[in-house]
Structure formats: structure tokens, C-alpha cells
Amino acid sequence: MKPRPFDYFRPDTVEEAVALLAEYGDDARILAGGQSLVPMLNLRIVEAEALIDISRIDALDVIRDLGDRIEIGAAVTQNKLLAWPQLAEKLPLLAAALPHVGHFQTRNKGTVCGSIAHADPSSELPLALAVLGGEIVLKSQRGERVLAAKDFQKDMLTTARALDELITAVRFPVMSGSGVGFREVARRHGDFAIIAVAAVAENKSAVRLGVGGMAGKPMLRRIAGEGAAHAIAAWADELEGYEDLHASAAMRRDLFRNLAPLAVKEAIRCAA
Amino acid sequence: MRRVNRNERVRVGLTLNGRKLAADAEPRTLLCDFIRHALGATGTHVGCEHGVCGACTVLIDGVATRSCLTLAVQAEGREVKTVESLAAPDGTLNALQQAFRNNHALQCGFCTPGILMSFTDYLSRNPHASETEIRDVLSGHLCRCTGYAGIVAAVKEVTKSSP
Numbered sequence: 001m002k003p004r005p006f007d008y009f010r011p012d013t014v015e016e017a018v019a020l021l022a023e024y025g026d027d028a029r030i031l032a033g034g035q036s037l038v039p040m041l042n043l044r045i046v047e048a049e050a051l052i053d054i055s056r057i058d059a060l061d062v063i064r065d066l067g068d069r070i071e072i073g074a075a076v077t078q079n080k081l082l083a084w085p086q087l088a089e090k091l092p093l094l095a096a097a098l099p100h101v102g103h104f105q106t107r108n109k110g111t112v113c114g115s116i117a118h119a120d121p122s123s124e125l126p127l128a129l130a131v132l133g134g135e136i137v138l139k140s141q142r143g144e145r146v147l148a149a150k151d152f153q154k155d156m157l158t159t160a161r162a163l164d165e166l167i168t169a170v171r172f173p174v175m176s177g178s179g180v181g182f183r184e185v186a187r188r189h190g191d192f193a194i195i196a197v198a199a200v201a202e203n204k205s206a207v208r209l210g211v212g213g214m215a216g217k218p219m220l221r222r223i224a225g226e227g228a229a230h231a232i233a234a235w236a237d238e239l240e241g242y243e244d245l246h247a248s249a250a251m252r253r254d255l256f257r258n259l260a261p262l263a264v265k266e267a268i269r270c271a272a
Numbered sequence: 001m002r003r004v005n006r007n008e009r010v011r012v013g014l015t016l017n018g019r020k021l022a023a024d025a026e027p028r029t030l031l032c033d034f035i036r037h038a039l040g041a042t043g044t045h046v047g048c049e050h051g052v053c054g055a056c057t058v059l060i061d062g063v064a065t066r067s068c069l070t071l072a073v074q075a076e077g078r079e080v081k082t083v084e085s086l087a088a089p090d091g092t093l094n095a096l097q098q099a100f101r102n103n104h105a106l107q108c109g110f111c112t113p114g115i116l117m118s119f120t121d122y123l124s125r126n127p128h129a130s131e132t133e134i135r136d137v138l139s140g141h142l143c144r145c146t147g148y149a150g151i152v153a154a155v156k157e158v159t160k161s162s163p
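So the sequence lines, in the order shown, correspond to chains A and B. Each residue of the first sequence is one higher than the one before, counting from 1 in our numbering. Each residue of the second sequence is one higher than the one before, counting from 1 in our numbering.
It is worth saying that the hints were derived from the structure and are not from the lab. Possibly wrong hints are sitting among the right ones.
[Stated by the list, open to error] Here are the simulated lysine-lysine pairs, DSS-like style, with alpha carbons at most 30 Å apart: (1) A:Lys-204 - A:Lys-265; (2) B:Lys-156 - B:Lys-81; (3) A:Lys-80 - A:Lys-150; (4) B:Lys-156 - A:Lys-80; (5) B:Lys-81 - B:Lys-20; (6) A:Lys-150 - A:Lys-90; (7) B:Lys-81 - A:Lys-2; (8) A:Lys-80 - B:Lys-81; (9) B:Lys-160 - A:Lys-80; (10) A:Lys-80 - B:Lys-20; (11) B:Lys-81 - B:Lys-160; (12) A:Lys-80 - A:Lys-139; (13) B:Lys-20 - A:Lys-2; (14) A:Lys-90 - A:Lys-154; (15) A:Lys-90 - A:Lys-204; (16) A:Lys-2 - A:Lys-80; (17) A:Lys-139 - A:Lys-90; (18) A:Lys-139 - A:Lys-150.
[Unchecked claim] Across the chosen pairs, the derived CB separations fall in these ranges: (19) B:Lys-156 - A:Asp-58: 37 to 45 Å; (20) B:Gly-77 - A:Ala-22: 26 to 34 Å; (21) A:Lys-150 - B:Asp-24: 45 to 53 Å; (22) A:Ala-229 - B:Ala-95: 50 to 58 Å.
All of these numbers come straight from a predicted model, not from anything done at the bench. By construction, the Cβ of each residue, glycine as well, lies at the ideal position given by its N, Cα and C atoms.
Please work from the sequences and hints to get the whole structure.
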């Protein structure tokens, strides 16, 4: 299908973009890579009075090393980050998770920040940001604020972004040398995950474990390596999971119970 | 700042297969429709129109992109390449196309233009791609005729003969 008519803006600067957001608010949508937004426009699931295309704002197309964190601008594509030479060393969890995000062809356009803004409950990048304890940088004419990942994603496709705010960047803590594990199950490679799990070792005996696809947003818990399977099984029952076209709640719990111990083991093994 | 009102038709210029062309488009005109209907290059096929099937894949500044998920105005000033750019002017197939023919990598041919453009981009970055990598790239396309085996064999043939 074809999208309904909308006004199109292609600002050259962040200032122009936030001025447009201040004017249009809820009626405007930010267009970065368009790999989630344009399908929804084409299928007419989403309507927009105006699209604000930020893909040519050079200031947003930057990966910046802040020392303890890596800042990824809102126009940086998933494949650009995947090709960043220091990715495996500084952000090993993303090196493991990014190849699962869509396909080669969609990663060419899809942005890191766009995936986090979209906030699909089972998508990989919001999960990675949550497990790593990353941050989201939001800008409006009222100023700039930085939100922790846990305060940003509220529920399924729902975030704390105010209507006049632009996500200008996300920041992932540098995890050089720490153990990580990532696993997911999808119907086909590149599809949205049914269940995705990410683990970051806190030390040689415990991890921070995150799961996508069990609730409206990524859920986190500290899990000890000893008796992990048991703790995960109990957590799966607590979370219950949800049912949709792709899987029943029982299947999600089952996948989580079987997948998560693998990620935990992997993270601890890498840490050791 | 570029601004186009919803019912406005504006001149959109881009380079298509080496030629500078321009035609009118609304903001909501998809690049795939613009290439086919406004510029007349019908080699690019339109399948699902929501980014799943990959038939409409073209190169924008050398990068494989879903043209159904790209607005024509977004490609303004860019260099767009479609399947028409692959064969020589006299019709001689390029190595990738010839390998598709050799390996029966197409039957109805609807998905083929997109797959060829994806691998044109991918093999330029990774000329000696492994079968796993080839299958990973191919997962971004749907083909309902071949069962994919011929396509994988064709791309492998190219990677083997690549210097």
C-alpha cells in the first residue's frame, strides 16, 4: 500500500528539527532510517501530518568515544555501528546482538536510535541498552535531558520521550573485557525475536540478565551463575509472558527457560 | 531546509544508472514507484511494499536499500543504481548475472533484480563471502520459486572466481 499524504521536512540542523517538533508535536514523526516507520505508513497503521527527515543532519551521523561511554548519534545506521572497528572491543554485547537486527539490507538504513525510539518489546537494541544501563539524550527547545534506559522505555512501543523532544543520541557504557552473552529465537533469522536474552557478567559468579519478549519492555534481574537455571525458571513463571501471533505465553516461558542459561553461562565463561 | 507540502508536486533530481534525471513527485511518493512510473526504469520490482520481500532493493550511493521504504524526495541528489546498470550496453551479462543463469538461480525472476542488487553491494564489501554469509544476506529476500539453492550456488560461483 501507499502512505497517506504528509508534509515533508528535511532540516539541516538539530535546531531546525527541534523547532519543527515544537510546532508540530504529536502530528510529526521523526524519519531517520525509516525501516520501522515507513512500513507502518505504507500499511497505514500510523498516520503523520508531517515527517521530519533527520537522516542528512551531519552532526547526528557520528559515533563518539566519550571514554567510559560510546555515544551514537541519531543518524548512525546499524551497519555503520557494526562496521565500527572498535565495536567488538568496546561494546562486545552489541557486536553479538547487532547481526540479529533485521537484515543486511535493512541495517543499511535502519538506525540504532530509531530502533530504541520505536521500543518494540522484543527488539535487540533496546534490550542491549537496558542490560548495559545506557542512556538516551533528548533535545527540545526547552533544553537537553539525559534519561537512563530504565526510565526511558515504559511499555510496548511507549517511551518517556515528550512530544517536542528529539532523540539526538544514545550512550552505551564501554564494556571492554567483560563477559557477555546473547541469544535469541526468531521464526527466521532477521525476524523480530520471539525471545531475546542478553547477559553481562558483573563478576565471575553473577550476571545482569535481560530478556526481551516476555513483557512490554526489556526486563532485568541479577542472576547468580550457581543455580541460574532454577532462578530463571522461577522468574519465567513470575513474568508469565504474553501471547501473540508468533507464540503463546507458555512457549515464551519455555524459550526463556531454555535460552537464558546459555547466555548466562557464556557471559560467565567470557568473564573468567 | 528542504520543505515539501503534502499536495505539492516537486521536481526531484537524482542520478539513475549514471544519468542525471528529474521528475515530479509528492512527498509520499515511494522511490520504487518514482523509478518505475516517473523515470520509466521498470527493472526494479515492487512486491510487498513494507520492506519484507526485498524485490525492490536498489543501491543508493552504493548501499543496498529497500526502495519501497525510501521516499523519492529522500533520494534527491543521490546516486541510484538499479538492475538495469548491471549488464553491458550490448546486453552482455555481468559475472553475477551470468552465474545466476548458469545455476538456474531464477525461475519467474520477480525477486531477482533485488537479490542481484543486494549482492552487488555485499560482494563489493566482502568478495569472498562464505556460504553462511551468503545465506545471511539472502535472508533479506523472499523467492517463491527456487528454494534458494540455485541462488546460493550462483553467488558462491562468483566468490570463487573473484580475485
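Hint check results:
Pair hint Lys-204 of chain A plus Lys-265 of chain A holds up; C-alpha atoms about 10 Å apart against a cutoff of 30 Å. Distance check on the hinted pair: Lys-156 of chain B and Lys-81 of chain B sit about 23 Å apart at the alpha-carbon level, within 30 Å; holds. A hinted pair counts as satisfied when its Cα atoms are at most 30 Å apart, and Lys-80 of chain A with Lys-150 of chain A qualifies at roughly 25 Å. Under the criterion of a C-alpha separation no larger than 30 Å, the hint pairing Lys-156 of chain B with Lys-80 of chain A is consistent with the structure, at around 26 Å.
For the given pair, Lys-81 of chain B sits about 12 Å from Lys-20 of chain B by alpha-carbon distance, which is consistent with the 30 Å threshold. Pair hint Lys-150 of chain A plus Lys-90 of chain A holds up; C-alpha atoms about 22 Å apart against a cutoff of 30 Å. Among the hinted pairs, Lys-81 of chain B with Lys-2 of chain A is consistent with the structure: their alpha-carbon atoms are about 23 Å apart, no more than 30 Å. This hinted pair checks out: Lys-80 of chain A and Lys-81 of chain B have alpha carbons roughly 21 Å apart, not beyond 30 Å.
A hinted pair counts as satisfied when its Cα atoms are at most 30 Å apart, and Lys-160 of chain B with Lys-80 of chain A qualifies at roughly 27 Å. For a cut-off of 30 Å, the pair hint linking Lys-80 of chain A to Lys-20 of chain B stands: about 28 Å separates their Cα positions. Our distance criterion of 30 Å between C-alpha atoms is met by Lys-81 of chain B and Lys-160 of chain B, whose separation comes to about 25 Å. With a CA separation close to 23 Å, the supplied pair Lys-80 of chain A and Lys-139 of chain A stays within the 30 Å bound.
Under the criterion of a C-alpha separation no larger than 30 Å, the hint pairing Lys-20 of chain B with Lys-2 of chain A is consistent with the structure, at around 26 Å. Restraint check: the Cα-Cα separation between Lys-90 of chain A and Lys-154 of chain A comes to about 28 Å, which is no more than 30 Å; the hinted pair holds. As the CA atoms of Lys-90 of chain A and Lys-204 of chain A are separated by approximately 19 Å, the hinted pair is consistent with the 30 Å bound. The straight-line distance between the Cα atoms of Lys-2 of chain A and Lys-80 of chain A is roughly 29 Å, inside the 30 Å bound, and the hint therefore holds.
Distance check on the hinted pair: Lys-139 of chain A and Lys-90 of chain A sit about 26 Å apart at the alpha-carbon level, within 30 Å; holds. Pair hint Lys-139 of chain A plus Lys-150 of chain A holds up; C-alpha atoms about 18 Å apart against a cutoff of 30 Å. For Lys-156 of chain B and Asp-58 of chain A, the Cβ-Cβ distance of about 39 Å falls inside the hinted range of 37 to 45 Å, so the restraint holds. Here the CB-CB span from Gly-77 of chain B to Ala-22 of chain A is close to 28 Å, well matched to the stated 26 to 34 Å.
Range check, Lys-150 of chain A to Asp-24 of chain B: about 48 Å between beta-carbon atoms, so the 45 to 53 Å window is met. Checked against the hint of 50 to 58 Å, the C-beta distance between Ala-229 of chain A and Ala-95 of chain B comes to roughly 51 Å, which is consistent with it.
Of the numbered hints given earlier, the model fails none.
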